[in-house]
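> The lines below spell out each chain.
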Amino acid sequence: MATDMAEPAAAGTDIATEQMTLDDRIWLLRAMLLMRGLEERAMTLYRQGKVPGSFYDGYGQEAVSAGAAFAMAPEDRLCILHRDLAAHIIRGVSPERILAQYMGRANGITAGRDGNVHFGDRHLGCVGMVSMLPDMMLVAAGMAMAFKLRGEPRCALTWFGDGSTSRGDFHEAMNWAGVQKLPVVFVLENNQYAYSTPVAKQYAVDPVERAAAYGFAGVTVDGNDAEAMFEATRAARERAIAGDGPTLIEAITMRMHGHAAHDDMKYVPKEQVEEWRKRDPVERQETRLRELGVDVDAVRADVRAEIDAAAEAALASPMPDPATVTNGVFCEGEPEALGDGVARWSGFAAAEKAVS
Amino acid sequence: MPTLTYLQAISAALRDELRADERVLMMGEDIGVFGGAFKVTDGFIDEFGPDRVMDTPLAESGIIGTAIGAAVVGMRPVCEMQFSDFISCGFDQLVNVAGKMHYRQGLAVPITVRLPSGGGFSGGPFHSQNPEAWFMQSPGIKIVAPSTAEDAKGLLHSAIRDPNPVCFMEHKHLYRRIKGEVPEGIFETPMKARVARAGSDLVVIAYGAMVHTVLEATEDIDGASVEVLDLRSLVPLDTEAILDSVRRCSKVVVVDEANFTCAAGAQVAALIAEKGFEDLDGPVVRVATPDVPIPFSPPLEQAVIPSVERVKEACRDLLEY
Chain W
1 MATDMAEPAA AGTDIATEQM TLDDRIWLLR AMLLMRGLEE RAMTLYRQGK
51 VPGSFYDGYG QEAVSAGAAF AMAPEDRLCI LHRDLAAHII RGVSPERILA
101 QYMGRANGIT AGRDGNVHFG DRHLGCVGMV SMLPDMMLVA AGMAMAFKLR
151 GEPRCALTWF GDGSTSRGDF HEAMNWAGVQ KLPVVFVLEN NQYAYSTPVA
201 KQYAVDPVER AAAYGFAGVT VDGNDAEAMF EATRAARERA IAGDGPTLIE
251 AITMRMHGHA AHDDMKYVPK EQVEEWRKRD PVERQETRLR ELGVDVDAVR
301 ADVRAEIDAA AEAALASPMP DPATVTNGVF CEGEPEALGD GVARWSGFAA
351 AEKAVS
Chain Y
1 MPTLTYLQAI SAALRDELRA DERVLMMGED IGVFGGAFKV TDGFIDEFGP
51 DRVMDTPLAE SGIIGTAIGA AVVGMRPVCE MQFSDFISCG FDQLVNVAGK
101 MHYRQGLAVP ITVRLPSGGG FSGGPFHSQN PEAWFMQSPG IKIVAPSTAE
151 DAKGLLHSAI RDPNPVCFME HKHLYRRIKG EVPEGIFETP MKARVARAGS
201 DLVVIAYGAM VHTVLEATED IDGASVEVLD LRSLVPLDTE AILDSVRRCS
251 KVVVVDEANF TCAAGAQVAA LIAEKGFEDL DGPVVRVATP DVPIPFSPPL
301 EQAVIPSVER VKEACRDLLE Y
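Taken in sequence, the protein lines are chains W and Y.
Position 213 of the first sequence, counted from 1, bears residue number 213 in this note's numbering, the numbering being contiguous throughout.
Position 233 of the second sequence, counted from 1, bears residue number 233 in this note's numbering, the numbering being contiguous throughout.
Here chain Y stands alone, though its shape is the one from the complex (with noise of 0.2 Å):
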């Protein structure tokens, strides 16, 4: 089995199925002869010609509208946003025509967009949100969110796949720092969430890049068995491995990297208030970036993206409590 960095996996599953399947077309701007802001595309337009590796105009609501109307008459658009920040230019056509769509007049939708996410680089306030949970609350759309080579390369097979508009949440942060082993050929990944570490006096659950903040922080908390649960899809969310989780650990920390208020681990928390209660030894406790605009100058960021102190600290109390 290959070994590949986290974009390599993400490039090496859309050339698959650029391959397999003449019905999927990358549209984004700046992807086709440079490659892509990220590098995600490069080399495509070579192999697979402008018009499957389509430079847009600089347009998101385009990008999102027009891929939707390629996708209702047959197509398989793959949208690439220069970064997941962006996607508020194109969040109408998003939200409004694809989300409602197959409810309203049960006309399917499949277009996957690629949002590179997440903060961590000094990208300042407008190249590092996570605005994943904006979606949740807009019924019809998927979303879906990696952390590891093999889940990015697996789970977007899968984006691709399914009938239905997916969010493919690619965290920038991750592209070239994680590698692993990756299964050549393509192969779906479920939306279900996924044990990252098996344990049993407290569970952490995040998704995307925090796992592996997650993991760091929990590698050792004076001995503690601690559980990490990698959500990996965040619509549909998997509530069976939740609570499952939060039964055999009853304690519980959920980490999110996008703004506190309503995050998807919002979302959890109340999930486990609700139906995990009875399971529960203390409190359910959140850790999350404050309700601030990412800031750009590195000690203001690394105050408010949680860090592997600030989560190993959540975890050391909630231990205690």
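Chain W with its partners taken away, still in its complex shape (with noise of 0.2 Å):
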């Protein structure tokens, strides 16, 4: 069922889904400025000593989270990985608590409990990740198979590396996945390095061509295209909902960063960096914004002035206090379900939550 990717073509008006108004198409570019501007300041926060420990970012594969979230409803449930904070973004977290939780204030996501983005926002639908991957394939085939014993229309999707593809879960999650036929979408976000090591070094066969043994689709998106993802990703969960079971999407993307702020990837060819770099996903998405007439500037002087906001409001926040380190080990009394997140997609024009 796997699909050849043609070369990614260059930036232009090449609509990828007819599915979106002009302002879906907006606001996938501003979750996609959003997220680069918040980790550019995340940066130079950690440049300053403000973010503790190191700091990841998914610079150049904004499209890969931006595009697979916006085509998620409220009520469907995601496990995001730490490349991919436009995912965050677009279920409702806000760039305030996104730069608290960077530097580990009280009003972050995790309130200090855990760093950079591990993390997810329970009252939006988001199971936060953990760092052994790919770990959430199977929690978010465990939410798959409960919907479907319910009979529920929902789906859980999640992603994961092209280093995650060499790990037992990987084939554990995909296995219980297709035998039990369950509504979730697998995204392999294919950035072709594992910390230093190369895909060459990881697989031998393109993972893609797995699923096919797993008895459901793959299929390859250009995962510098936004709206590509989402097309993909909205097909896959139709699929989903419908009771066609499992999609395993593989976006081909590239790391434009090492593999956190320490790392200078010098085990990565110039010229692959140089290439990758002419395939920009947010330059795609302005440009093609900037034929269909969009002012481009005026959303980037939005997203920045959100960001300063955010970034004073964020350095202005308390530090958690030590005092309370050893409360909520344990849950006492009811759990607390998962909450809906927003869905902003035009095509799920009910249910709009407000931005947490």
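Derived from the structure by calculation, the hints contain no laboratory data.
Here the structure is a predicted model, which means the values were calculated and not measured.
Hints are supplied without guarantee of correctness; some may be wrong.
Below 25 Å or equal to it, Euclidean Cα-Cα: the simulated SDA-like pairs (lysine to any residue) are [as the list claims (entries may be wrong)]:
no.	chain 1	residue 1	chain 2	residue 2
1	Y	Lys179	Y	Phe121
2	W	Lys148	Y	Lys179
3	W	Lys181	Y	Arg52
4	Y	Lys100	W	His82
From the two separate chains plus the hints, produce the assembled complex.
Here it is, written out as structure tokens:
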């Protein structure tokens, strides 16, 4: 079922989906600009010593999370990977809380219990990732299993990387989802490197081919095209809801920065980076929108102002109280279920929820 | 009150929960059509159907991981590891995903993991282990280990109704050997220790199958009054009950069927050394399986798992101290 992907097209008015209004297309750009801008700001804060630990970003991969998350309904559930900040933005996490999270502040999503993009706002239907990849594939499969058992028209989606395809949990999740025909979407974010290890050392056969072996569809998508990502995910979600089982979407992209802030990625050939720089996903969406008559500079200015305000608020927010450090290891009382997220796509006109 | 075996009590608890709460589902290898390797879920599939008594692929990480996913969207999965030994294959999901979830993001993971554990029947190195201490070192996971039929039922109800991940250590060697009166219907046994026999000269602290070994070993040691404290729960650990017994008896033997180093009993001994030192009239004595894999051949296995004789000897030596 795997399909060959054409060479990513050069930027232009290549509309990749008929399913979007102009506002939708602008929102996609906005999400990507917010992701890029917030991560740039966080990197500055990291260099100033205000973001502890290391810092991981998704520069150049913004379309993968923006496009896929945009196709998810409020009642769908997401497990989001560390280079997928745009998914959190689309689900409704505010920029202020994202920066507070990076800085280990009390009003970050994990209130300082976990760092960087290791979070998921449970009020918005997201489950935070762990570092052992791709553990969340099984969690997503389990959520989908519950939806199927209860006969609910919902799906679960998770992202994971090329390195993840080498681990056993990839197999267990793919197999489980295939055997039980679960409404789950697996997004393989193939950014060519797992830390310093290139895909040539990771697998002998393109992992999208494996989907057929597990009995479901595998599609390859230009991961640097947000609208193409949306369209592939929308179709996968439709299959899931219709009872036609899982889909593996392989998003071809490139990690343009090091694994984390400390990594100068000397192991990546310069020509490879330069080649991919020409396929920048943000520029691509901007070009598209300019051709459609949108004032992209105004969108950029809006986003910048939002990030400035968020940074100011986050910097003024308190650190967590060390006296609370042993609280909350166990849940006491009734468990609180995951809440619904925000759906930005005009296709989900109903059930919008205020941004948290 | 009906008399049930330890195994029947576990089955009864599971059946009661499936009937009482539609969110509850069983997941495991061979638990449906076959009724489970030990027949704990025998006949369940006929009453509850294959969705709620789910025969899963042979994938322990898959069982725990998907159970976590189902739990966070409102289900109450009860996972069976066919043997507790196989939890090593699901370790990462249990420890890193389930155990840390609530602390990191306030999201509860109400799953129960049933772990048929322990040796004594030539199961060999991969079907006889007592892995509970692995999870005592992992924040966010509760661990209970019943020794009686009544507690097996009551603690299983408590585990399934708890909003956290709970490891339910069910000792295979007790399944059909132990029986007792068990109240009908759903009752939740608190995750606290139980005085299995009151005494004043010495206390032996144990849990699971070792409680029975200890009761037999201490029935008559030259007329000494020996208390037996059944921990029942390892996380949370009932420190108050432990220190109470130490205060009353002043001499302590701690027995583990698990391997010696860093076993649950080591934590109990450390607690007593720190908080009960002034009440002691002798060293805290430990009896456990030495740090070897559980061997297959009967004379070898019997040589490592704490026996009635070894416990008796340890108690006698300490009483004479």
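> If a hint holds in the structure, say so; if it does not, say that too.
Taking the hints in turn, this is what the structure says about them:
no.	hint	in the structure
1	Lys179(Y) / Phe121(Y)	holds (18 Å)
2	Lys148(W) / Lys179(Y)	violated (39 Å)
3	Lys181(W) / Arg52(Y)	holds (16 Å)
4	Lys100(Y) / His82(W)	holds (18 Å)
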